[in-house]
Structures are given as C-alpha cells and as structure tokens.
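These protein sequences, in sequence, are chains A and B. Take any residue in the first sequence, count from 1 to its spot, add 33: that is its number in this note's numbering. Take any residue in the second sequence, count from 1 to its spot, add 85: that is its number in this note's numbering.
Don't read these hints as lab results, they were simulated from the structure. Glycine residues also receive a C-beta, built at the ideal position from the N, C-alpha and C atoms. Check before you lean on any hint, since a few could be wrong.
[As the list claims (entries may be wrong)] Mimicking BS3-like on lysine-lysine, the simulated pairs with C-alpha atoms at most 27 angstroms apart in a straight line are:
id, chain 1, residue 1, chain 2, residue 2
1, B, Lys668, A, Lys137
2, A, Lys117, B, Lys694
3, A, Lys137, B, Lys706
[What the hints assert, rightly or not] A few chain A positions that, by computed beta-carbon distances, are all more than 12 angstroms from chain B:
id, residue
4, Gly60
5, Arg90
6, Ala206
7, Asn289
8, Gln375
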Amino acid sequence: MLHAWLNVERNPTQTMRDFLRSFLEKGIVEAILVPAPSAGGASITPTLFLNPEELSRAEPFAPLMPVSEATMVSMLTRTGNPIKLGAVMRNCQIRALVELVKFKQAQLDNLIIIGIDCPGTYELKDYSAMVQNGVDPTASLLENLARGEVSPAPGYSFREACTMCIYPIPDPAIVAVTVGLMGFDGERLPILVKEELAEKLGLADGSPSNRREEVINGLLKARKEEREKQIGRFTKEGTGLEGLLRWFSKCIRCYNCMGICPICYCRECVFRTPVFEHESARYFDWAQKKGVLQMPPEHLLFHLTRINHMVTSCVGCGLCSSACPSEIDVALVFQSVGEEVQALFGYVPGRSLEEPAPVQTFQEREFLELGETLR
Amino acid sequence: MPARIGVYICHCGINIAATVDVEEVVRFAQTLPNVVVARHYTYMCSDPGQALIKQDIEEYKLNRVVVASCSPRMHEPTFRSVVAEKGVNPYQFEMANIREQNSWVHSDVQAATQKAKELVAAAVAKVALLEPLEEREVEITPAALVIGGGIAGLTAALDIAEAGYKVYLVEKEPTVGGRMAQLSRTFPAMEDARHLLAERIKQASSHPNIEILTSSTLREIEGYIGNFKATILRRPRYVRADRCTACGKCAEACVLAGQIPDEFNAGLSRRSAIYLPFAEAYPPVYTVDPQNCLYLKEGKCGEGDTPPCVAACPEGAIDFSQKEEELERKFGVIIVATGFDLFDARLKPELGYGRYPNVITALEFERLASPDGPTGGEIIVNGKKPQSVVFIHCVGSRDKTVGNPYCSRICCMFTAKQALLVKEKLPEAKVTVFYMDVRSFTKGGEEFYDRARGEGVLYRRGSVSEIYRKGDKLIVRADDTLLGRPVEVEADLVVLATGLVPRKETEDVALLLKLARSADGFLAEAHPKLRPVDTASDGIFLAGTCQGPKDIADSVAQARAAASSALMYLIQGKAKVEAVTSKVDPEICSGCGLCEAACAFGALKLDPKRKVMTVNAVLCKGCGACAVACPSKAIQLSHFTPAQTMVMVEALV
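The task is simple: from the sequences and hints, build the whole structure.
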C-alpha cells in the first residue's frame, strides 16, 4: 500500500473524473461503475461507463445514495464477471458487497474497488431541495472538507444512518484504492493505492496525510456519541412486543425496505412465496380466534423474519429507512438489534471475507448458557 | 380423488387405554373431515389389528390411513407395508403418537383424552394433504471400505472378503493389528493375544479380496450408499516393500538407534528412526519415521553422503525418493473401525502418573507382561521385581470431574487378568485392587473375578485420593468405603486401569463421513437397541471401540454384525433410498449456499452454471435442516411441506 496525492486544479470532482478516466484509458479496467445523474437528472445513481469520454458527467462525490452500489455489483458479477470492472464505492456499500460475496451473490474476481471516504449522504428529498434552492450539495460538502469539517450544508442534515455510521473509511485490505476525501486540503487529495496498481497508474510514493487522520478521529468520536444516543432512543421506545408494534405501527407492508436492502439477496422473499399465500378461510379463522384481524396481517412477523434472516449481516447503510414511504426508522431497529447480535458472534459484517457469516456456520456447542442441553 | 380416511386408535394393551378414553377419541375422529371410518383395537400392530386396516381399505375404499398409537420409530414401517399391501401409497399414511407423547407422560384421563383428540385431528388434517411418494433404488458397487486395521477392522474385512467382495482396508499406522497387538493375554481364557491376532493378520493379508493400505489416511470421501469414492493419502515408508526382508540391519545402523520412545511398547523401550513396529507386523516392511529421521529432517545423516541405514541394507531397499501418493478407490459400503485412545492419566495428577516411574498405565503393564515386550514378559520396575502391587480401577471412567461419566466396560476384567498375571509371575507379591464396583458381565467374567480373589488378590472397595512417595515405596491413600475409614497401602508398583476415550481424530472422521457422535464423544449408532451397528447415513456401519468401549469379544461380534449388515447391501446389489427428500425450487433459489452449510449429509451442491442449489436425492435423508435454513423457503421437504405442517399447527392451537 502506498500513499500518493492527486493535485486538484479545478475541483476535486474533475480531478476524480480524470483519475477514473485513466483507469479506462490505461486498460486497468474495461468498465467502471460510478455515480452519475440519472436519466432526467433528478437523482444520482450508479452508472456503468465503458467510454472514457462519458466520464465527464460522472458525479463520484455527490452526497446521495438512493440505491446501494453493492446491489449493482451483485447484478454485474453474480453469474460471472467476464470483463475487468472498476467500481467507485462508499464503505457501507463495500461492506455490503463483502457480505454478498459470502452469500455467493457477487464475485470479486476481475473487480477493482475504488473506495472513497464517505462524509455522509442526504435523503433524496433534501438533496433535491438543495438543488432547487441553488445550493450545490457536492461543492458545499467539499468546501467544508477543505476547512477540515465533515458537515452538511447549513440548514440541512445527513441521513440518520450516516450520522451514526462508525465505518466511513474503506478497508485498505479490501479496496485497491482509497480516495481520502477526509484529507482534502483544498489543493490536494490524498490517496492510498496498492503498489502494483500505483505502478500502472504512474503514481509515486509520497507522505501520508496527517490531516486526514485528525479529521477521521474527530469524526468517529462524534459518530460514536450519536450512535449511542440513537440506539438508546430505540432501546427506550422500541423494544418488547408493545414497543415493536408501536415502532412499526405505520407499516403498510409495501416491502420497500426489503427491496432496497443490499443484504436482502433472496430472489424472492419468503413473504412473497406460497408459504404466505393463505387460503381465504384462514383469515376468517384467525379473525375469529383473535377477535379482530388487522389487514394486511403479519406485518410485524415480516420485520421480525427479516431481522432474523439478515441482522447479523446488516451494515447499517440505512436505505431501508430512506425507502420507507411511512418514514419508519427501520434502520435503527436493525442497527440496535444488529449491534447486540453481531457482538454475540464476535462478528462485524463486511470486515473480512475470511469470516463466514454466523448464519452460514453451524457449531454444535454454542450459547450453552442459554440453557440448551446437548443430546 | 377426494380423501377417504380410516382412523385407528390403539389401546396398546393398557398402555394407552388406561389413560386415554379411546372410545371417546373414536367418536371424535368420526366427526373429522374426510374420515370414513374410525375404530379402536387392543393392539393395532398385531395380526388381527393389521387385518382390520386391510379389510377397511377394501370395504370403505380408503385411500389414506391414520393410526394413533406409539412412536413411529418402531411401527411406521409396519403400517406403511400394511397399507401398501392393499394398494394405498405408503406415504399417504400418518401416525399420531398418543403413547410416548401422551399416555405415558400424563395421568389425567380427561386431559390426556383431549390431547389425543388434538393429535388425531392434526394427523387427519395432514394425511389429507399427503402426496404419494415412490421409494427409489440405487445400484451397489460390489466393494467395501474398512477404516481401521485393528481387530474389528480386520474381522469385518475378512467376513466381507470371504463372501466374495473386494475390501479396501485403510490403516493410519505403518502396520495393521491396532491395540490388540500390544496386549499380553486375553480375559477370561488367558490366551496369548498376540497369537490370536497374528492368525487374523495372516488370513487378512493373504486374502486375495483384501487390499491393505497402511500408512494411509482418508483425505476425502464423496458419494452415497452404493457409490462412494475415496481419495486416500498414502505416506511413503521410504522402504521398498518388494525388497525389504525385515532383517533389521538398517535399524541397527541408524544413528538414532535406541533413542526414540517406542510407541508400540508404550514408551517403555526405545527404537531407531527406521523400524518395524513389532515382529508380526504387516506388511513385514521396515518404515522410516519422518518426524525423527535426520536424513529426512536435515537432508544429511552420518559422515558420508549415504545415510548409514542405506549403507547397511544388503537389498538396497531403502529409498528416500519415495513420495506421498494419492489413491482413489470406489466402493458401495463403509465400515468404520477407528478404535479408541487411552485416557491420559496425567489428567488425574493426584495419582502421580508421569511423576513416579512406578505408577504405570494398564497398557504399559500389558507391554511389561508380554513376552515380546521390553522386559521379555517379566514384571520389573526400577530394575526390581515388585513385592506389592496396587491396581486402581476407573481412572478416567465413571468420573464426572474429567468429563467421562461413562463406564469403560473392560477395565474390571483386564485388571483381574493383570492381577492374576502378577500372581502367576510373582507368586509372593501382595496384590491389592481398589474398585468402585466390579462389573463382570462378560461371559465367564464373574467366574474369572472369583478366580482372581481365590488366588489371593485383595479387592478393597474404595476410591483413591492420593499417591505419594515414602522412601523407595509408594503409599496409596484411599477411603475404604466398606470399612468407612481411610486406609494406606504400601506399593512398589501402581497400575492405573485407564479408561477408553474417543480417538482424538473422531471429530475429523465424523466430519468426513457426516456421522453423529453420542454424548460420550464416541461415534453414534442409528439406534441403541435396534440398529446398533448402523449409522444415520445409509451404507456406513460402525465396528469396535469407535462406537464405545468394548472388549475383544464384543468388538469382534460387532465387526461381524457390521460386515453382515454391509453384506446385505452388497449381496442384493441395490438399496432402497429415502423417499422423503428435499426439493429446490430453482425459480426461487438464490444459490446462497446456506442450505449446504446446514446439510449434515453433503446432499446439496451449487449448480455452477445455473447458480441454484441442487439436491442429491440419494444422499438426502429428509431431515429438513436445509428447508429451515433457506431464507426464501426455496427448499421444501416432501411429506413435510409448509402446507402439510401448517394444517397440523392449526389443528393443534
């Protein structure tokens, strides 16, 4: 791993576009996945570039994440990765991708991950409002960074999941390049790059960025505090059957949280299979047994099943909350439950490809303290 | 065709009828949907009981049957064949367990009757949804793999070979013979163990149907009953079998001669780095111990370029260029005979083993008492013949403090034998045995124990708390539980009757072959009473002490039973495989492989092209673990589909 610097002549976005173009031009990758304005221009979405010229419209630093790039990499590699692919990714996306690889939903062969330090992202509605009010979300973010501040534009806030994210920095063991946005000083952008790649890109070894280190340390401290506060809120309001029913009271069972979740990899959720297609008579039976039957039924069972299936792999990207039309804070439930359950298994999702996910392993002797007796 | 169900409530004598109002259950069953006829009878499993079902199937045109009686473990096959005889698919039969899960555990008649009704209602609801299933057959490769070349493995191999089938016998050590080769005499007949074993080794090694692979371990095993394939790793001996005459000159020339603890003599003597484990070893070929051989470790041995052993060999048999080999063998059945380890007596530090040279284990005593042992069969400790010998029972057995609550079964008898050997070899010696209980259930065992006492062996009931040194003697301190007071006995030699524990490789064997282990850590049989040599995996059988502590007679009996069970398949040339299996819906499956991790039988594999999981229906035992593991329920278990299970739940709650 080697420290290098990219000189910023006009703005960091342009520098990054040029840097990414060199990947295509030098044949390091044949295609590259970078966020860019969606068709119609109302949003930013992962976009697959093959032609280096097109990269002039890429928005690699736009603080918006309507979908997870991990889901797109899964789409592009699940059944094989025929060409050399590059992907610009934030760390929650990288960690989700690592989980997907464990579940055989993506492959890392032939993939070069270009990780970027993530200061945070906005909800789409806030992002759109900023654009409408003449605030450039990317430029304002980069201006703050140049002053050593990781903060949203005045009057706006990052998504809640981002404010409590304690993993904003890509792991150099997993990515080929890290673009150290946190170390941007207005003139130069520090990067961390694998040696063999540095050679191909013609980058020389330089000094590491002390400024980046400081900014990250300060940020993590604030994030940890926020995280504790948020989880405390859920613990107080959302636990127990009563608490959960209240938390999910607005759920319309639209399945958006499941559809957007990068970890929810099932091709068909069990809730959409015949397992949950009941005979008409059963609904009346239930209504009779319970007195009344709330329709659609089983909404809490749906969330609990989803927690049960994938909470050990939840990376806290927060897309479930962003996608919820009823504005339920789904992500906080997963983060709160996930933190405890992951700790039980000594597991950090997305940390390492060598660590199998808890749901993939079977150990005859574990949690004996819970009272299970062996044969 | 609409379901036409017959329901039969069994009294099981008074086992059920005393606690459950069977007539009431019948009246209730008659009201359930699709039930055409419901009856009760004293013993449904009896001939008249079975006749009743057959007659009703004809008379009422039944197409599904429910029997409410005992656990399906015993009689489900009985009733399945009853209904099949009359043309009803055996998988459209369902059993409700109203004995083990009801009448045997409850006493309130009213409540037990209500529970019986619910269990019957659940079975009736399910049976209406059951699909007909077909049992399938697989061909059997006419060969067997025997893992372990001790007395059990040799015996099983011989029986199968004698019946005319090929046997591959894989042994980890450089020779066959196993633990029995180390024993002096057998109980209760006091025969020479070496002689009995040598005969067996000779028969097996000269049998044209047996291929013995020593210094070999299983690396991988794949397939299923009838069609297994193993990759066997054969380590080099560095000695050419076609040239070695076992003259022993190499061992004399070895620079490490007399320096390496000899495992065959339980460490009581020392050998060279090139050695023959014992005189009757098969193959009768010397072998180089790569852990110790200087030439293999350092690339140089002795003064010149030629290692001394190579120089000493008149036949030019030593060949250091030999390499590890991978062999592949195909076979239809497997017999596991991997044996046991001895309890490590150091785990009972109060007994002084490892600290006092005159505290020895029973196996070390066997070597002392053997004519081919380090002392030529004389009991000599510290250069002297002991005048007082103390034996201690149950070292590492029946001992929860070391995690071994089980009885090792053979220690009472081998201690009696060893005590008699002391009396035979040292008639003047005082012999004391400390015991908890004497268990002499082997044939002739009680008489043998009587004989030991008759010849002057003093049995004292009590547990030993400590052994310490006083001068050149050992003092054994114990609580005499009959006298109710502490006693101290002076000893020149203490022999610990160390128990049997599962081999340290048991976990690897269990993982490799997908076998279950019982609570004591030994490999688990399919059923303790009715299927004692079978495993939960079809076509894999257990023989000898890998399944639990056993004496030679029991090991041989079990080995022959395992061989017979294996032969049933080999002779028929085909086997029926479970009809209840899991199925993957490729439309739903994401190919994540969670089911593969959950499957204990290796039945699930990813189709690399389609990226969906596939089930090998022959390997699948229908346990359902995969169906539970699948997050999107892309896997369904036939005979236990969600719909079939949900109607039971609905009927019960």
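- Could you work out which earlier hints the structure fails to respect and list their numbers in ascending sequence? Hints that this structure does not satisfy do not exist here, as all of them hold.
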